[in-house]
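> Chains A and B supply the protein sequences, listed in that same order. The first sequence begins at 1 in our numbering and counts up by one. The second sequence begins at 1 in our numbering and counts up by one.
It should be emphasised that the hints constitute simulated quantities derived from the structure, not laboratory data. For glycine and all other residues, C-beta sits at the position ideal for the given N, C-alpha and C. There's no promise every hint is true.
[Stated by the list, open to error] Partial chain B-side listing against chain A, Cβ under 8 Å, derived: (1) HIS104; (2) ASP105; (3) LEU107; (4) TRP108; (5) LEU114; (6) ARG116; (7) TYR117; (8) GLY118; (9) PRO147; (10) CYS154; (11) TYR155; (12) LEU158; (13) MET162; (14) THR164.
What follows is the residue order along each chain.
2 protein chains.
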Amino acid sequence: MAKTPLPWCVRPGSRVRLKDFDPADTRGLTEKEAALADLERSRSRLAELQERLYAENRRAVLVVLQGMDAAGKDGTIEHVFHSVSPIGCQVHSFTAPSDEERDHDFLWRVAMRLPRYGNIGIFNRSHYEDVVAVRVRRIAPRSVWEPRYEQINCYEKLLCSMGTRIVKFFLHIDRDEQRERLLDRLRDPNKAWKYQPGDLDDRKLWNDYQHAYEDVLERCSTEAAPWHIVPANKKWVRNALVAQTLIAVLEEMDPKPPKASFDWRKIKIPK
Amino acid sequence: MAKTPLPWCVRPGSRVRLKDFDPADTRGLTEKEAALADLERSRSRLAELQERLYAENRRAVLVVLQGMDAAGKDGTIEHVFHSVSPIGCQVHSFTAPSDEERDHDFLWRVAMRLPRYGNIGIFNRSHYEDVVAVRVRRIAPRSVWEPRYEQINCYEKLLCSMGTRIVKFFLHIDRDEQRERLLDRLRDPNKAWKYQPGDLDDRKLWNDYQHAYEDVLERCSTEAAPWHIVPANKKWVRNALVAQTLIAVLEEMDPKPPKASFDWRKIKIPK
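Hey, can you work out the whole structure from these sequences and the hints?
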């Protein structure tokens with residue numbers, strides 16, 4: 001956890017009721033125009049810090065994005081990481097596990113996709129689906145998913161101790177906002193591809209999902225890898241807060257390019 | 001750890017001095033001919049148990065083989081696993097890490113090679129090189145390798161809790177036996193390819209290696225994944241003990257094929 005955690009960071013051990021968090025909160029940001037200009041600056045800063053991380057090449061950052069359907073995971077990636085070079089930044093979108101993945105423990109496919117040192121890896125959905133969707137849709141019994149909270153904490157702590165900093169975001173929207181966004185998808189021929197009939201099944205299970213997320217936020221917010229609850233009804237607020245969080249984390253990590261092992265004055269470049 | 005661990009299993013927390021273990025010990029096996037006949041039976045039994053593990057398809061076994069050069073890692077694999085179908089049994093021989101592997105934590109390449117459920121994976125060398133060779137050859141400073149014992153214990157415990165049973169063997173030979181075997185390699189044109197000049201550098205560091213292994217055997221013998229010290233001067237003893245250990249582990253795991261979901265009497269096969 002950061003030495004001075006941001007207010008939307010979940011302190012380890014605290015109780016989480018999502019109803020206590022207003023998804024339309026602006027977290028002190030009052031003007032959209034100013035926030036957008038600020039996001040532009042944040043993006044440049046993020047690109048700069050990522051380049052230093054890449055030059056240092058000794059640690060990695062893993063960003064985990066979770067949220068209900070239409071919470072804005074894709075949009076966050078597009079808007080926040082837009083200026084970061086894809087050389088040092090990779091996204092992996094997790095869908096249903098393959099046969100090969102199912103034939104391993106649930107964390108195996110996570111290990112396969114971990115970012116190289118020097119890189120920012122972004123998980124669009126993640127191993128948390130194995131304690132959220134798997135639980136809510138009853139894909140596996142409690143005896144399977146119950147030990148996973150502890151297994152996740154143990155694994156994340158281990159990764160952290162070996163140089164991968166994990167930053168987890170729960171993008172928090174409400175039911176009405178989801179309805180608007182799903183309607184948008186249906187109405188707009190350019191967005192319709194994002195709509196899947198299964199979205200409505202999950203929407204019916206809204207309360208179960210919220211409850212499963214509350215358990216995740218409570219049980220898997222650790223010193224090594226805390227969760228951040230980002231109010232996400234307003235996209236400009238969501239983007240600003242995610243960017244601010246990542247900048248704070250990277251500034252604390254303070255990556256430094258290795259010192260040059262040569263004296264530049266002595267190096268001649270042949271004509 | 002097995003409910004009734006074999007005598008060559010290192011109890012967690014015990015102190016290990018390799019000088020106290022006779023590499024020429026026969027561990028109660030007195031006759032080579034009888035032991036060889038017994039190994040033949042063990043191999044069939046192992047093949048049978050592995051097939052049940054494969055049919056069950058819910059857990060995996062990971063065999064870790066470590067030892068000094070010429071301790072017999074390759075020979076053990078050849079002689080013990082010889083009857084097990086390669087469909088459900090894969091060997092991975094670890095060498096120096098690749099650039100991509102070096103750009104991740106030291107356990108990442110282990111994760112990449114974990115056996116699928118239903119399979120036996122064999123590691124010919126392993127992550128233990130990262131606290132043995134790396135330490136003895138001073139490839140990394142103490143600040144890098146010291147935390148790894150704990151990281152290994154944590155990771156192995158996690159794997160175990162998710163269904164991968166880890167069985168670790170240290171093949172214990174003495175300096176004289178190594179000398180004989182290296183000379184054999186040099187003298188026999190069919191074995192000469194196995195000889196590498198670096199073997200002699202490592203031989204010079206014999207005591208440092210023994211000491212590094214003592215630390216591994218003491219610090220990484222856990223309830224979840226204990227080490228076995230196998231006297232390996234006599235190949236027939238080594239093979240018999242490794243086979244016995246694996247059979248004991250698999251019998252305790254007692255894998256069972258899933259029950260048929262159909263009534264065979266009702267199924268007609270079209271002519």
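> Could you run down the list of hints and mark each one as holding or not?
Going through the hints against the structure:
1. HIS104: At 6 Å from the nearest chain A Cβ, B:HIS104 passes the 8 Å test, so the hint holds.
2. ASP105: 3 Å, holds
3. LEU107: 7 Å, holds
4. TRP108: 6 Å, holds
5. LEU114: 6 Å, holds
6. ARG116: 4 Å, holds
7. TYR117: Status holds, d = 5 Å.
8. GLY118: 7 Å, holds
9. PRO147: 7 Å, holds
10. CYS154: 5 Å, holds
11. TYR155: 6 Å, holds
12. LEU158: 5 Å, holds
13. MET162: Result: holds, 4 Å to nearest chain A Cβ.
14. THR164: 7 Å, holds
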